[in-house]
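**Q** These are the residues of each chain, in order.
Number of protein chains: 4
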Amino acid sequence: MAVFALVNKESKERQMNILEEAIQTRRKIHSRPEEGWTEFETSYLVSERLKSLGWQVYIGLDALVPEEVLGRNPELVEKAIERAAKQGVPAAFLESTQGYTGVVGTFDTGRQGPRTAFRFDMDCVQVQETSDANHVPVKEGFASQIPGMMHACGHDGHTAVGLALARWIVENKEDLCGSFVFIFQPAEEGTRGAGPIAAKGWVDDVNFFFAGHCGMYCQQGQLGIGAKGFFATSKLDVSFTGIPSHAGAYPERGRSALTAACSAVMMMQGISRNSEGDTRVSIGKLNAGEGRNVTPVHAAIQLETRGETEEVNNFLVKNVTNIVRGAAEAYEVKYEIKLVGHATTLTTTPKGVELLKRAAETVEGYKTVDIYNSIGGSEDVSLLFPTLTPDSSRNLREPRLHRGSQTL
Amino acid sequence: MAVFALVNKESKERQMNILEEAIQTRRKIHSRPEEGWTEFETSYLVSERLKSLGWQVYIGLDALVPEEVLGRNPELVEKAIERAAKQGVPAAFLESTQGYTGVVGTFDTGRQGPRTAFRFDMDCVQVQETSDANHVPVKEGFASQIPGMMHACGHDGHTAVGLALARWIVENKEDLCGSFVFIFQPAEEGTRGAGPIAAKGWVDDVNFFFAGHCGMYCQQGQLGIGAKGFFATSKLDVSFTGIPSHAGAYPERGRSALTAACSAVMMMQGISRNSEGDTRVSIGKLNAGEGRNVTPVHAAIQLETRGETEEVNNFLVKNVTNIVRGAAEAYEVKYEIKLVGHATTLTTTPKGVELLKRAAETVEGYKTVDIYNSIGGSEDVSLLFPTLTPDSSRNLREPRLHRGSQTL
Amino acid sequence: MAVFALVNKESKERQMNILEEAIQTRRKIHSRPEEGWTEFETSYLVSERLKSLGWQVYIGLDALVPEEVLGRNPELVEKAIERAAKQGVPAAFLESTQGYTGVVGTFDTGRQGPRTAFRFDMDCVQVQETSDANHVPVKEGFASQIPGMMHACGHDGHTAVGLALARWIVENKEDLCGSFVFIFQPAEEGTRGAGPIAAKGWVDDVNFFFAGHCGMYCQQGQLGIGAKGFFATSKLDVSFTGIPSHAGAYPERGRSALTAACSAVMMMQGISRNSEGDTRVSIGKLNAGEGRNVTPVHAAIQLETRGETEEVNNFLVKNVTNIVRGAAEAYEVKYEIKLVGHATTLTTTPKGVELLKRAAETVEGYKTVDIYNSIGGSEDVSLLFPTLTPDSSRNLREPRLHRGSQTL
Amino acid sequence: MAVFALVNKESKERQMNILEEAIQTRRKIHSRPEEGWTEFETSYLVSERLKSLGWQVYIGLDALVPEEVLGRNPELVEKAIERAAKQGVPAAFLESTQGYTGVVGTFDTGRQGPRTAFRFDMDCVQVQETSDANHVPVKEGFASQIPGMMHACGHDGHTAVGLALARWIVENKEDLCGSFVFIFQPAEEGTRGAGPIAAKGWVDDVNFFFAGHCGMYCQQGQLGIGAKGFFATSKLDVSFTGIPSHAGAYPERGRSALTAACSAVMMMQGISRNSEGDTRVSIGKLNAGEGRNVTPVHAAIQLETRGETEEVNNFLVKNVTNIVRGAAEAYEVKYEIKLVGHATTLTTTPKGVELLKRAAETVEGYKTVDIYNSIGGSEDVSLLFPTLTPDSSRNLREPRLHRGSQTL
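Protein chains in written order, with full-length UniProt numbering: chain A, 1 to 408; chain B, 1 to 408; chain C, 1 to 408; chain D, 1 to 408.
Be aware that a few hints might be false.
Note that the list lumps identical chains together, so a pair holds whenever it fits in one copy or between two copies.
Claimed, not checked - In silico EDC-like links for lysine to aspartate or glutamate, alpha-carbon gap of 20 Å or less: (1) 334 <-> 237; (2) 318 <-> 252; (3) 285 <-> 252; (4) 51 <-> 95; (5) 228 <-> 62; (6) 228 <-> 278.
The hints are simulated quantities; they were obtained by calculation from the structure and are not laboratory data. Everything numeric in this text was worked out from a predicted model, so none of it was measured.
Could you put together the complete structure from these sequences and hints?
**A** Have a look at this one:
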């Protein structure tokens, strides 16, 4: 997504201070990476900073609709709360989250004008940070303190930029008009966190919406604007439950969840191409079985579908659902399909592109603006786009036929 | 099955006449081979001969229950009736069959005694008879007159033996007691014809039941008695019906019956082994699709299951049914499963074995009696066995859950 | 493809005569539809007419390279030659074809100038023409005389237009310069006939190349120019050969070609999407097996791949090849893969588009010119495009690793 | 296997002492359960006791042929050695094992006579012992001290019985003749340990061979003799290695090990039945893939085949091998097949049965002897049977085509 222009040349002095603070913030967050739905330390940091700046802050069930939450693991949440408590996050704050991370801040300039929203994502990825002495975070002492977790996708920077921008707005409020909504989103990885915030209505009435991602295909001084090109996507967890039996003595008494899963995989890989748009079906993981000589009882598949349009993605999800149900019927096993992540397509408005271009030109060090029409990934910020994809932020999550589970 | 002892030594003179007649009858039938459910010429020949011997004769719906008929092709029946008419079979006879071949004859000695049943099968196989000049039927002028059809499995001989035995009974009726039921069965190939005759009740009250097959593993002078070893079997025709589409332009609009069939085949081949008895799943034919670039609309599978016990065979049929339904659901196609043949297991009674042994010893040229416990094939005479498999001739055909068809 | 402008307004009188002749020619061809590689009557008609107009005519091995011929069935050719002979095509002509249909005509105006090539396809499709009295060919007496064959795709019209244009060139030769190559191509259906003509070098040195198709998406008065959008495609016939066995008695002795084919189908349907371009894999037909209780010996698959680029299509063909080889290895069966059709992508030059537009405007009744960028089908005329796809008409057919067959 | 008669009535007094010692030994071993190839503490205990009794003791490479070892995990071995050292097993002993568990003891009475071998297995299973206060090992204080490991299959008792018998032989040596070979076998679970001991030649020259298993289908006072009925079996670990790619951005660059594995599973489940004997194919575990949106690089399958005869099992293994190779070829992935366990069939000699019956009758509390002909499991003691399966202990492991791995 577009890296937005932070400041103009005139406020150079103040900018430096903001920049320094942003660097410190980013490093602090970098050292405490938290995966999706466990961002309690980060949420606390964001919440405290926004309050200190005079923003109105919303957390927990005030920020999102829990029924729309996807891919949240209560066990991990529990552990993260304990860890945050040990790090000094006050019990009162943790309680008020009701177990849901994410922070929404609002600020009103007091002057009539548009309502402008920004999205910043806060979660890390499951990557082990290198201990190489030349790695900057190691050298400068802000490497990840949490084994197996790392801000390798730049969300630490996004959050730091968000807080810097919040400060800049406050410091420049006399020159600004209208109001601001800042969404510090949990669980962007796996496209799990935007839906429940969109459902809370935060973007229903905004006039402008911006989001960005550092790096991507851009060099220093370059601004890339993703005009369109995100795939709609559904992340699905499929499980089958069979019946155990001694595979040597009584093979006929068992019902193999493993074979049902393999059959489903073969069928899912073969879902038809679609002339309406490009498609992807990725079966990323399959774990099945308990022992070599026992008819497998459990099988779990992690998969995702992607479609060039929401309709094309729905076509894939419908086929996956049929296949899973059919495989369960064929093998007399039970099944469950869980939607654990979701995003839709997105098209930047020409007006938005124009605004960003003009803003970029005022930034020191600016070189070029590049427009990207095909990014090839998926982003759940698409669910927050208010005007251009009016249906997507609602309809998409409504049919929901694929969210439940069913038992034969 | 056991080749039963025809006559004893005392009636040697008469025997010769009977033998000559049997040879002539067999050659006549050999020259007019008729496949299952088309044996109109043969039925007429049998019917006429039995009547001339003074037997009570039952044909058409008096001989069998049409609802129990399996694997009968109305088109082939139609053509066979026309052919029989051209061969001089009277219209009155053909009408009275109501389209169903098969003849049951009964004869009462007038003296109290057991009721004894025999089964003789009449249908040929789809084999082209050789035109080799040294082939006896060619040399002697009684080769098949019907292209692609031949009595290559000896049923012509069985029928001829049946008629010879009917004559012998009449000629020896003063020395005999009780009554006789002779079943001249259609459509043994594909195990299609015995069920509807059993359902008519012909064997419900008999005290002895015999059936035989010439050749098999026996040499001249040898009597083989199949004590047990037939597999229970179901012959199933499975079809899928999809939705066509131009596979290049609109692949997503089609529903491929071909792929559903392939998926079902892969799953059916993998049906579990069964510790209760040996199993077979044979997918013998698959024809699917209309053109290279059209999503296939039609797919037809011919398959058979075999089980060492009826229960084991039912286990296979149940799995096939689940798989077909599951594949149809997975691919959003319609399906149909037709039971087109069925037979069960069979165990000869020790008393029957004893009787046959004793009778064999009285026959000139007799050498040995051999007992076979594992024959490895299937025979629908098993459905006619009245006392030893009481459940099989009834229950087996009742659950019938796999006979119907279902549409999604 | 674009329907090219035949004539300008000035020659209106002569045009009528040409038109009348074209109508008659088309009707004659319509009544004798011949499928791919059997167009002997049509080739004779074309050849005679071109000669009578003073064109140089090339047939048989003078017109094409037989080693490059795809999807030609010698049995059908044999029958077609007999049929043509009965229709009065002279034996000398038939002999000179050496069994290969197709006619190339050349004409030199005697004046320096560009070399311009046109392609006209001659084969029919396997469709039964209706006998409806209101169907124009029935009413006017020029319906198909050959059961199951029909010019339902308009190639009769294309050929008639080609001959009309040939006449027009002769009649207007004083106003024209350069030379002409007219390719009357066999076997366009199945994309089988263009390759061997391209390989003969007919288009290696031409400056302009045109081809067209009547109808498609156009109305009367409309000219549609297909600027780009054809898929590269490969038509493949895959066969497996197994080992028979009695599926009840000795299942372990058989090797099922049917199961190998089903497994290959499941794997082929699942060939990965490709980020470089759209893909299609269509398994159109599968016929396998000999009888219900015999391990299937023969299985034949008709399939096609399509790719948005030649590379993408090659990716698909490579995967199909791997899968077929793998399935054969897994099931210990033999396999054969035959390339029976092939076409590549194609992009019309801007200059060509411009020329056609200008020409169209001079035609009476002209309404609009429409440019099509996505046609969604495949056409082997793509193999004849000389300059724009220099690699395609050669390289594509060279790797040829998938053409041979291999035996385990 | 047969529970052998330990003692006769006359030596009752001494018997009690031996029994007490056996109980203590069993409890000690029960508290330190060690899984296959990690039985260092148990091996030390056995070795020390045998030496103290005056037996000749062989361990490490003196006991087995390391090249024949199956399913040994060097990492687990390393940890087990550390654990044993902490438990006080001397470093000298651990070193002399060269990392291989298992103990063979020999004893010569000094009198001419037969050579008699016994097999006792020492490994535990991966089961967590209950902490229920009423569970005897808990109540009596000898429950497993090693989490997740338990002697739940009675091998602790077998080893204790072996040591008791060793003592009894010593104490009764004046009444005995010939010599004894006692095999304290590692890794019976998974049928991994017998082969390398057989290969060392310990049973090549023995005249009698006995092995037993407590419990099974027998009650107190009952002796069950397994006359025949073990399946031949192969335990196979199959792995596929693919190529990663971002499944959304570049699906065509990846090669999915997961899909290859699923395809192989579908094909393996469908391996043909065999008329020569009953078969089993059990795919017990499948773990594949690294992340939802990454083309899976790793897939690992744990499976086993079983056949009523060695030939039938070889048929299954050959098919598995073909299928794995075929799937790898179809999907362009690498594969590896490892044989990690193996056992063959076994038939007790009539003489052995007779000996055991007579011995049983002399034991106090004896009730019945039962003969089992179908046990339905597998036991690698079958590989140690010297005379009756001469081929099995050698030939079976020689073709070994399925042991290696291959890279495409």
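**Q** Hints first: check each against the structure and report whether it holds.
**A** Checked hints:
1. 334 <-> 237: The answer is within: 14 Å in one copy meets 20 Å, while 27 Å across copies does not.
2. 318 <-> 252: between (32 Å within a copy, 12 Å between copies)
3. 285 <-> 252: For residue 285 and residue 252, the Cα distance is within 20 Å only across copies (18 Å; inside one copy 28 Å).
4. 51 <-> 95: Within one copy, since 18 Å is at most 20 Å while 66 Å is not.
5. 228 <-> 62: neither (31 Å within a copy, 54 Å between copies)
6. 228 <-> 278: Result: close both inside a copy and across copies, 14 Å intra and 19 Å inter.
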